[in-house]
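Visitor: Listed below, chain by chain, are the residues.
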Amino acid sequence: MAEPNWRLAGKRDRLMERARILHRIRAFFMDRDFLEVETPHRVPGNAPEAYIAPVPSGDWFLHTSPELSMKRLLAADYPRLFQICRCWRAAERGNRHLPEFTMLEWYRAQAAYQILMDECEALFCALAPQGRIRRQGRDIDLGPPWERLSVAEAFTRYTDTTARQALAENRFDELIACEIEPRLGWDKPCFLTDYPAELAALARKKPGNPEVAERFELYIAGLELANAFSELTAPEEQRARFAREEAQRLQAGQAPYPVPEKFLAELAHMPPAAGIALGVDRLVMLLTDAATIDEVVAFTPEEL
Amino acid sequence: MYNCSDLKKGLKLMVDGEPHVIVAFDFTKPGKGQALYKCKLRNMITGSLFDRTYRSGESFEPASLEDRDMQYLYQDESGYVFMDQKSYEQVHLSEETLGDDKYFLIDNMDVKVLMFGERAIGITLPNFVNLKVTQTDPWVKGDTAAGNNKPATVETGYTLQVPSFVEEGDLIQIDTRTGAYNTRVKE
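Chain order of the listed sequences is H and V. So for the first sequence, the UniProt record's numbering puts the first residue at 1; every next one is plus one. So for the second sequence, the UniProt record's numbering puts the first residue at 1; every next one is plus one.
Hints were generated in silico from the structure; no laboratory data involved. Even glycine gets a Cβ: it sits at the ideal position worked out from N, Cα and C. Treat the hints loosely; a few may be bogus.
From the derived model, a few chain V residues whose C-beta atoms are all more than 12 Å from chain H [stated by the list, open to error]:
id: 1; residue: 1
id: 2; residue: 36
id: 3; residue: 49
id: 4; residue: 57
id: 5; residue: 59
id: 6; residue: 77
id: 7; residue: 84
id: 8; residue: 94
id: 9; residue: 116
id: 10; residue: 117
id: 11; residue: 120
id: 12; residue: 125
id: 13; residue: 140
id: 14; residue: 155
id: 15; residue: 161
id: 16; residue: 166
In silico DSS-like pairs for lysine-lysine, Cα to Cα no more than 27 Å straight-line [claimed, not checked]:
id: 17; chain 1: V; residue 1: 102; chain 2: V; residue 2: 8
id: 18; chain 1: V; residue 1: 9; chain 2: H; residue 2: 11
id: 19; chain 1: V; residue 1: 112; chain 2: V; residue 2: 9
id: 20; chain 1: V; residue 1: 32; chain 2: H; residue 2: 188
id: 21; chain 1: V; residue 1: 102; chain 2: H; residue 2: 11
id: 22; chain 1: H; residue 1: 262; chain 2: V; residue 2: 186
id: 23; chain 1: V; residue 1: 102; chain 2: V; residue 2: 112
id: 24; chain 1: V; residue 1: 38; chain 2: V; residue 2: 8
id: 25; chain 1: V; residue 1: 40; chain 2: V; residue 2: 9
id: 26; chain 1: H; residue 1: 11; chain 2: V; residue 2: 8
id: 27; chain 1: V; residue 1: 150; chain 2: V; residue 2: 102
id: 28; chain 1: H; residue 1: 205; chain 2: V; residue 2: 32
id: 29; chain 1: V; residue 1: 40; chain 2: V; residue 2: 8
id: 30; chain 1: V; residue 1: 132; chain 2: V; residue 2: 186
id: 31; chain 1: V; residue 1: 102; chain 2: V; residue 2: 186
id: 32; chain 1: H; residue 1: 206; chain 2: H; residue 2: 188
id: 33; chain 1: H; residue 1: 205; chain 2: H; residue 2: 262
id: 34; chain 1: V; residue 1: 38; chain 2: V; residue 2: 9
id: 35; chain 1: V; residue 1: 32; chain 2: H; residue 2: 206
id: 36; chain 1: V; residue 1: 112; chain 2: V; residue 2: 86
id: 37; chain 1: V; residue 1: 32; chain 2: V; residue 2: 8
id: 38; chain 1: V; residue 1: 132; chain 2: V; residue 2: 102
id: 39; chain 1: H; residue 1: 11; chain 2: V; residue 2: 86
id: 40; chain 1: V; residue 1: 102; chain 2: V; residue 2: 86
So here's chain H without its partners, still in its complex pose (with noise of 0.2 Å):
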């Protein structure tokens, strides 16, 4: 080549931003003691989930979340786990979407997902000490207390419709991605909270309310960041739930999954925990700006 690669080039600002980023991460999670641990990214099979598809490798496949690995170690009483790991999903690939992306998940053992929500303040202190962060020319305050607003509330504000009737309709997800969402978390984050049970696979449903889970995702600026539940610890429910979104991966076409056997027979041991996935190149769009996740990356898949 008779030039340097002018685009990669032209990254390192934000590649250099990210790796200091990583570091912070690191450092708040073991000063609050985390146990920093590392899991297979290749296994026998992931939690079946209707609307995510692994990536085969060889008869396995690579893992689409470190999820059930971690909450192995919960059960074994590792109370307080952290991951920053690779994660792959086939055929997502958009502004905000790569098939290979970096994940944070921790988990927290005798917690509930609201506890997730002060972690998450925490972090985001942690990671932009001033207090701000500007993007696309407006100021976010994230000064928290951030705003908590059930999934309910959200339909009922931003759409003509309820969150039941969306259901119902199959029109849940467009409602979220093209009405909701964009305006979410603008003036300060926002955590999406109490999701309908039926899309929470792996969630505990609220206490007084089984309509509801006790899940919520975070907003910032339009964009989604990390997804937490408090964690179904029944195995037999769970057992029933994977079966459920197994049906549906099948009915779509996808490959079947085996069950993941060890995982179901150790959650009877697993104490009431909270886990939290955020996806760490989105993080990285956020804190730098960039309109693209392609921007925060050495390498899009493209490229290679």
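With chain H fixed as given, assemble chain V onto it according to the hints.
Guide: Below, chain V without anything else, positioned relative to chain H:
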């Protein structure tokens, strides 16, 4: 037929019986939900723009358009003039119809003119064109960072970001699909 995984910027398809082109495209997927394909479509006849979101499982009919090999002649008050080199028939396309494609036209360039029946509705450019830089700030001595960039204007009036080592008078190759700088070209 196309399906959702074929959707991308530049794809031409029939929507409500008329040819449309996807001018902006994004894949998105809320949390644990269904994949959504957000398209901004331009009606290739009326030029009107609108947004539409598709879900996996939907299928699309390709636009029934014919490509005709033509040569770009010149621009006059009637618009941009192209000629079929076999029949010598001339067609005119307006500046509005061409959009940014107008910046990549060079006199006597071979292009494909898109015909919907007897009507010319657009062109397909070669993937790369070479254009001369007519204005850009001089290269600063000592600037060795390979990734530095600056704006440059080329002979057709188009402005784009180029590496700092590109100088006025350089011939550069531009990718017409993205409008982005590709490389310098030796004359």
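Visitor: So, for every hint listed, does it hold in this structure?
Guide: Status of the hints after comparison with the structure:
1. The Cβ of residue 1(V) sits about 17 Å from the closest Cβ of chain H, beyond the 12 Å cut-off, so the non-interface label holds.
2. Non-interface call for residue 36(V) relative to chain H: violated, since the shortest CB-CB distance, roughly 5 Å, does not exceed 12 Å.
3. With a least CB separation of 16 Å from chain H, residue 49(V) remains clear of the 12 Å interface cut-off, as annotated.
4. Residue placement check: residue 57(V) does not keep its beta carbon more than 12 Å from all beta carbons of chain H (closest about 8 Å).
5. With a closest Cβ-Cβ approach of about 14 Å to chain H, residue 59(V) is found to remain outside the 12 Å limit, as its non-interface label requires.
6. With a cut of 12 Å on Cβ distances, residue 77(V) stays outside the contact zone with chain H, its closest approach being about 39 Å.
7. The beta carbon of residue 84(V) is kept farther than 12 Å from every beta carbon of chain H, the shortest such distance being approximately 36 Å.
8. With a least CB separation of 31 Å from chain H, residue 94(V) remains clear of the 12 Å interface cut-off, as annotated.
9. For residue 116(V), the shortest C-beta to C-beta distance to chain H comes to about 30 Å, beyond the 12 Å cut-off, and the non-interface label holds.
10. The Cβ of residue 117(V) sits about 35 Å from the closest Cβ of chain H, beyond the 12 Å cut-off, so the non-interface label holds.
11. Non-interface status of residue 120(V) relative to chain H is upheld: no Cβ of that chain comes within 12 Å, the nearest being about 32 Å off.
12. At roughly 20 Å from the closest C-beta of chain H, the C-beta of residue 125(V) stays outside 12 Å, upholding its exclusion from the interface.
13. A cut-off of 12 Å between C-beta atoms confirms that residue 140(V) is not in contact with chain H; the least separation is 16 Å.
14. Consistency note on residue 155(V): stated as away from chain H, and its beta-carbon is indeed over 12 Å from all of that chain's, at 21 Å minimum.
15. Once the 12 Å rule is applied to beta carbons, residue 161(V) is inconsistent with being away from chain H; the minimum gap is 9 Å.
16. In this structure residue 166(V) is not separated from chain H by more than 12 Å, as the shortest Cβ-Cβ distance comes to only about 10 Å.
17. Among the hinted pairs, residue 102(V) with residue 8(V) is consistent with the structure: their alpha-carbon atoms are about 22 Å apart, no more than 27 Å.
18. Note on residue 9(V) and residue 11(H): the hinted pairing holds, with a Cα-Cα distance of about 24 Å set against a maximum of 27 Å.
19. Between the alpha carbons of residue 112(V) and residue 9(V) the distance comes to roughly 18 Å, so the proposed pair stays at or under 27 Å and holds.
20. Annotation: proposed proximity of residue 32(V) to residue 188(H) holds, straight-line Cα distance about 24 Å (limit 27 Å).
21. A hinted pair counts as satisfied when its Cα atoms are at most 27 Å apart, and residue 102(V) with residue 11(H) does not qualify at roughly 30 Å.
22. Distance restraint check for residue 262(H) and residue 186(V): the Cα-Cα separation of roughly 63 Å exceeds the 27 Å cut-off, and the hinted pair is therefore not satisfied.
23. Simply put, residue 102(V) and residue 112(V) have alpha-carbon atoms about 14 Å apart, close enough for the 27 Å limit, and the pair holds.
24. For the proposed pair residue 38(V) and residue 8(V), the alpha carbon gap of about 10 Å is at most 27 Å, so the pair holds.
25. For the hint pairing residue 40(V) with residue 9(V), the CA-to-CA distance comes to about 9 Å; that is within 27 Å, so the pair holds.
26. Proposed proximity of residue 11(H) and residue 8(V) is supported: the alpha carbons are some 25 Å apart, at most 27 Å.
27. With a CA separation close to 23 Å, the supplied pair residue 150(V) and residue 102(V) stays within the 27 Å bound.
28. Restraint check: the Cα-Cα separation between residue 205(H) and residue 32(V) comes to about 17 Å, which is no more than 27 Å; the hinted pair holds.
29. The suggested pairing of residue 40(V) with residue 8(V) holds, with an alpha-carbon distance near 10 Å, which does not exceed 27 Å.
30. For the proposed pair residue 132(V) and residue 186(V), the alpha carbon gap of about 11 Å is at most 27 Å, so the pair holds.
31. For the suggested pair residue 102(V) and residue 186(V), the alpha carbons sit about 24 Å apart, so the restraint of at most 27 Å is met.
32. Among the hinted pairs, residue 206(H) with residue 188(H) is consistent with the structure: their alpha-carbon atoms are about 25 Å apart, no more than 27 Å.
33. The hinted pair formed by residue 205(H) and residue 262(H) meets the criterion: a straight-line CA distance of about 23 Å does not exceed 27 Å.
34. Between residue 38(V) and residue 9(V) the alpha-carbon distance is near 11 Å, which keeps this suggested pair within the 27 Å criterion.
35. Of the pairs offered as hints, the one joining residue 32(V) and residue 206(H) holds, with about 19 Å between alpha carbons and a cut-off of 27 Å not exceeded.
36. For the suggested pair residue 112(V) and residue 86(V), the alpha carbons sit about 13 Å apart, so the restraint of at most 27 Å is met.
37. Taking the CA atoms of residue 32(V) and residue 8(V), the gap is about 23 Å. The hint holds against a cut of 27 Å.
38. At most 27 Å may separate the alpha-carbon atoms for a hinted pair to count; residue 132(V) and residue 102(V) meet this at roughly 15 Å.
39. Using a Cα cut-off of 27 Å, the hinted pair residue 11(H) and residue 86(V) is violated, with the two alpha carbons roughly 48 Å apart.
40. With a CA separation close to 24 Å, the supplied pair residue 102(V) and residue 86(V) stays within the 27 Å bound.
In summary, the structure is inconsistent with hints 2, 4, 15, 16, 21, 22 and 39 from the numbered list given earlier, while agreeing with the others.
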